[in-house]
Every structure is written in C-alpha cells, then in structure tokens.
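K.L.:
Next come the chains, spelled out residue by residue.
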Amino acid sequence: MRMILTGNESAAWGAKLSRPKVIAAYPITPQTSIIETIADFIANGEMDARYIRVESEHSAMAACIAAQNTGVRTYTATSAHGLALMHEVLIWASGARLPIVMSVVNRAMAPPWSVWTDQLDTMAERDSGWIQVYTQNNQEVLDSIIMSYKIAEKHNILMPTMVIEDAFILSHTSEGVEIPDQKDVDDFLGEYNPAFKLDPDEPAGFGSLIMPEGPYMEFRYKMALAMEEARNEIKKVVEEYNEKFNRSYSPFIEEYRTEDADAIMVVLGTIGSTAKDVVDRMREKGKKVGVARVRYFRPFPADEMRALAKKTNMIGVVDRSYSFGPGADLYAETKSVLYGYANIPVKNYVMGLGGRDITPQILEKVFNDMLSIAKEGVVDREVEWVGLQGDKRWS
Amino acid sequence: MIEIRFHGRGGQGSVIASKILAKAFFMEGKYVSAFPYYGVERRGAPVTAFTRVDDKPIRAKYQIYEPDYVIVLDPSLLTAVNVLHGLKKDGWILVNTVKKPNELRKTLDFPHIATVDATTIAIKHRLGSQAAPIVNTAILGAFSKVSGLVKIETVMEAIKQMAPVKEEENAQAAKDAYESVIMGGD
Chain A
0 MRMILTGNES AAWGAKLSRP KVIAAYPITP QTSIIETIAD FIANGEMDAR
50 YIRVESEHSA MAACIAAQNT GVRTYTATSA HGLALMHEVL IWASGARLPI
100 VMSVVNRAMA PPWSVWTDQL DTMAERDSGW IQVYTQNNQE VLDSIIMSYK
150 IAEKHNILMP TMVIEDAFIL SHTSEGVEIP DQKDVDDFLG EYNPAFKLDP
200 DEPAGFGSLI MPEGPYMEFR YKMALAMEEA RNEIKKVVEE YNEKFNRSYS
250 PFIEEYRTED ADAIMVVLGT IGSTAKDVVD RMREKGKKVG VARVRYFRPF
300 PADEMRALAK KTNMIGVVDR SYSFGPGADL YAETKSVLYG YANIPVKNYV
350 MGLGGRDITP QILEKVFNDM LSIAKEGVVD REVEWVGLQG DKRWS
Chain B
0 MIEIRFHGRG GQGSVIASKI LAKAFFMEGK YVSAFPYYGV ERRGAPVTAF
50 TRVDDKPIRA KYQIYEPDYV IVLDPSLLTA VNVLHGLKKD GWILVNTVKK
100 PNELRKTLDF PHIATVDATT IAIKHRLGSQ AAPIVNTAIL GAFSKVSGLV
150 KIETVMEAIK QMAPVKEEEN AQAAKDAYES VIMGGD
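Protein chains in written order, with numbering that gives the first Met the number 0: chain A, 0 to 394; chain B, 0 to 185.
Hints were generated in silico from the structure; no laboratory data involved. Possibly wrong hints are sitting among the right ones.
[Unchecked claim] Derived DSS-like pairs (lysine-lysine); straight-line CA-CA distance at most 27 Å:
no., chain 1, residue 1, chain 2, residue 2
1, A, K287, B, K55
2, B, K87, A, K391
3, A, K275, B, K87
4, B, K87, A, K284
5, A, K234, A, K275
6, A, K364, B, K55
7, B, K174, B, K144
8, B, K55, A, K243
9, B, K29, A, K275
10, A, K275, B, K55
11, A, K286, B, K55
[Claimed, not checked] Anything over 12 Å on all C-beta distances counts as not near chain B; from chain A, calculated:
no., residue
12, E54
13, D183
14, M210
15, E228
16, S249
17, S322
18, G376
[Claimed, not checked] Calculated from the model, a selection of chain A residues having no Cβ within reach of chain B, i.e. all distances over 10 Å:
no., residue
19, A42
20, S58
21, H80
22, W91
23, L157
24, P179
25, P199
26, N241
27, E258
28, E332
The C-beta atom is built at its ideal place from N, Cα and C for all residues, glycine as well.
Could you put the whole structure together from the sequences, leaning on the hints where they help?
P.N.:
If you want it as structure tokens, here you go:
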C-alpha cells in the first residue's frame, strides 16, 4: 500500500507496524504530531497499545523503562528540549539494557527559540549509550523504526535506539510512502522476547547499588562490546529487510558517485538527499564529486569511513550542529577514525543551523571549495561556518 | 519538476491545500512532496506552503525559490507579501479575488494572472463561516484549469478523501471554481 504521509505520520506507522504494547509521551511542544497520530490509531482501535500521557519527557522515558522492564515492547517520541530533559533516564535505559525505540525529530535548542531543524539535540546525547540512526526521507523513517526493534532486541545487543528525522524537512513534509503489510512485519520482527523481565514468580533486583570493586565497570564494558557487536547485527538486519521488503538501504554509509571522486561530502540526514542532485549537476560539468550519507552515528562506522577515504583526495564534513569542540561532532569523529589510516585533507563545514535552508546553490559552493582543497592538498581553515548573514563568500 | 507555492493566512487551509494537491498528483502516478513554512502559528498570520511534483523520485529537500505557479488564497496578501518573488516568467499566479485579471495589473506586474472568486463559492457551499470561509478546496479546482496538469476529477476525488468534513460540498466548490476561473494572458 502506498500512501502520502508526513515524516511524523511515517514514524507513527513504523511504530504501529512494530506493535509496541506501551507508548508513553508528553504531548506539548517540542513534541510533534507523531504522538498525536498514534493517539488516533489507538482511539480508532487500529493499534492495541496502552497510551500513557505523562507530565514531562523525563517521565515519558521513565514510564517506557518501567514498562519495558515488565517484558513488553515500548515506543516514544520527542525532540530538542524534550530530549534534553530525558537525558538522565536515557542513560538509565541503555545501562539497564532495555531495547526501547524512540523517534527524535531534530530541532534546534533555545535560546533563541526555534522549532526548526538542527542536530544539536541528538548530538548532545551521543554518549548516552543509544544507537542513533539518521534518515533522509519518510520511507526511511518508517523502515528504520521496524529495523531498529529487530536490531535492538537481539540478546547480544540490547541497546535502545533513536530513529532520527529532520524537523519540518521530514517531520512536516508529505511524501509517497510504501507501507509494508502487517503480516510481513510480524514475520520479520516476531514476538518480543525479553532477555530478562520483572516477574513476581522469579524475583530479581535491577539497578542495585554496588561498590567500586563490584561490576559497574564490567557493565559499561559489556555495553561497549554490545555497541561494537551492533555493527554485525545492523548489517545482517538491513540486508534481511532489503531482501524481504524490496529496499536498497546501505547499512552504515549510503555512498553516491563516490568511486573516482576527487572530493566527497560526508553528511547526516536530508542534506544527503539534496546533495545527490547537486553531485549529478556537477558531474555533468566534469567535476568529480560524490556524497556519503552517514546513517548510523552510533555505532560510528569507522571501517566504512576509512574505506571511503581510500577512494578520494579530500573529505568535506557537513555538520548541522556545533559542539564547541575541535569542530562539530561528525567532523571530529570522522577525523578521529581517519587518523593513521588516511592522509588526506578533511574540512568541517558548519551549516543549516536552526533550520537555515541548505540549497543546491550553497552546496555547490561547498563542493567547489572542497575541490580546490583537493587540488592544493591543503585545508585553508579546519572549521568553516557557511551561510552566515552578511558573509558574501557563500551568498 | 513542477513547483507550486501557496500564500494564505493562518486558518485558511493553505497547508492542507498543498497536501490535497500533492495527493491529486500522486493519484495520477506522479512523485510528490508537500511542505509548509510556518512562521507564527496563529490565525491570520501569513502562511506559505509548497508542493513539488515530478515524474521521478524527488530528492530536493529545501524550500521552493523559483515556483512555476503561485496560488494566493487571500487577496489582502497581494500587498502584504511579495507573492511574485521568484515566479518563473512563463508561470502563472492564481488569486482568490472578486476582481478580474486586468484589474490586478496595477498591483501585480506579471503577464499571466488568473482570478477566481473562491470566497463566494465557499460561502455558497457553506464551507467555513460567512466571516471566515474556507477557500482552499475551491482554489484547487481553479488550479486544475489554469495549469492543465491535473484533471479536475482527480482533484475532486483527492478532496473527497482528505476533507475532514463536507466532502461533497468541498469537491463541488472545486468544480465551480474550475468552471469560473478567469485567465488573463499578456
């Protein structure tokens, strides 16, 4: 079945098809229509789940943790300040190894207030122990939710997952979306089989107090191993999904015309979609550029990034957020995994913050800057903010 | 690719109009995307919405700057917003107004102007209230005629599927606008 859906409706459909038993959500801004759509599904009897309307995003995640602990699949959605308010319990969810799946609509953090897209909210949670997958269209939003349950729930993984979509550019944009049959999704996901759960007949303690010589460090080490192991499961599950549902997702990095490219742009989210049109246009003019859209930021695709660097003379990393570190997050991590593996220039382009529109014209200018760096072999400045008001270089 | 920009005021249904139009093209086998540009979310504030249509999947994820068509739901916006901004020279602007295209030439310096009295049509079909009629479905019927890109029957069907209330009346309003829109070329 093909329908026209917004990114938010696509997320709600992805959740519905995955049959979570509990949805806990705080319904006020920066919440999105994901939760509203799910409330309709439940009210109409199309979805069999308990909907808990809570008093904050912190409580929403706390309720998901409690529910998931009883042995059921859960789902929630949030955005920006809502995600930030969840921070404490996000770390609890991953530490407790609960495979919760949550949609996050990337929105800017105030001040000044903006409900437009910006990836600071999810980047600020990169260390919370959640798998993070970024999407470029509404189809990928829906499909990624289904795949995420399967990956997260594997007993060798048990890590919660954020399925991330750009605000407005996906969340409020209507596109044609292929909706898989419920039966096929049921076959693909199977019944939720918790690795452990609260059970009065078999009492157990969860989240107990331990001393420094206790297994705290081992718990964290096991999480690190699980995040590494997730690479294998992501690859397997994406390939299985592609086969069953006739899709063509690359597990970690979607490469577009990167073979023989003089310079490759590395991006997250919808920028990667627009950039493909720009790459085609520039290739017609004989300019050899390509784009690599990173899907999984956690676990970070280190091997794939190193293989990518072997194909080109220069990498330009576009970040739609800034982290006050050595450049923004995608750049810092890309450069970190390339150290000792590839001796090519890498430059950070910070752009599109607070939803500032990223047009083909500005991307073409960035590509041209990348090509001149590829030619000269030297980066003029490591971090460049692109498209600031009054900056004639990029206007 | 065909790009369409809607100008309306909060509460008039511009965003829904952009979605219904996308749905109509989708029903005729096209690839579509429809999206709003929200400013302040309140009644009466200017709202912009967009629809893209193509024969192949649409990868463009940015706003529309050089539309092929501009649709104006509220005539008071003609002097409040630069509705002609970026409109392609061979494109059309379609305005909900009681005036005829020639009467708008002083306000709109553009060769291809189409006008339709969607407000009267909406009131006739009791869409919205007398004070705040809902004109978004009627104007889509006029767009079908002006553009020739999508059949009026498909627009009416898309309206019936997506209008939250008064499906038949909304579809009929589109038909009336299709039949009464006036196109003024240069």
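K.L.:
If you draw a straight line from the CA of K286 (chain A) to the CA of K55 (chain B), is it 27 Å or shorter?
P.N.:
Given that 27 Å is the threshold and the Cα spacing comes to 24 Å, the pair holds.
K.L.:
Between K287 (chain A) and K55 (chain B), is the straight-line Cα distance small enough, at 27 Å or below?
P.N.:
24 Å, holds
K.L.:
K55 (chain B) and K243 (chain A) were given as a pair; does the straight-line alpha-carbon distance stay at or below 27 Å?
P.N.:
Holds, at about 24 Å.
K.L.:
Confirm or reject the statement that S249 (chain A) sits farther than 12 Å, beta carbon to beta carbon, from all of chain B.
P.N.:
16 Å, holds
K.L.:
Test the statement that S58 (chain A) is away from the interface with chain B: the closest C-beta pair must be farther apart than 10 Å.
P.N.:
26 Å, holds
K.L.:
Please verify whether K87 (chain B) and K391 (chain A) have alpha carbons no more than 27 Å apart.
P.N.:
With Cα atoms ~25 Å apart, K87 (chain B) and K391 (chain A) stay inside 27 Å; holds.
K.L.:
Is the claim that H80 (chain A) lies outside the interface with chain B correct, judged by CB distances over 10 Å?
P.N.:
Its Cβ never comes within 10 Å of chain B, the nearest being 17 Å, so this holds.
K.L.:
Is it correct that the beta-carbon of M210 (chain A) has no partner in chain B closer than or equal to 12 Å?
P.N.:
Non-interface label stands for M210 (chain A): nearest chain B Cβ at 52 Å, farther than 12 Å.
K.L.:
Is it correct that the beta-carbon of A42 (chain A) has no partner in chain B closer than or equal to 10 Å?
P.N.:
15 Å, holds
K.L.:
Measuring Cβ to Cβ, find out whether N241 (chain A) lies farther than 10 Å from everything in chain B.
P.N.:
At about 17 Å from chain B, N241 (chain A) clears the 10 Å cut-off, so the statement holds.
K.L.:
Find the nearest Cβ of chain B to the Cβ of D183 (chain A) and say whether that gap is larger than 12 Å.
P.N.:
D183 (chain A) clear of chain B: closest Cβ-Cβ about 22 Å, beyond 12 Å.
K.L.:
G376 (chain A): least C-beta distance to chain B exceeds 12 Å?
P.N.:
Fine: 31 Å to the nearest Cβ keeps G376 (chain A) off the interface.
Checked against the numbered hints listed earlier, the structure breaks none of them; every hint is satisfied.
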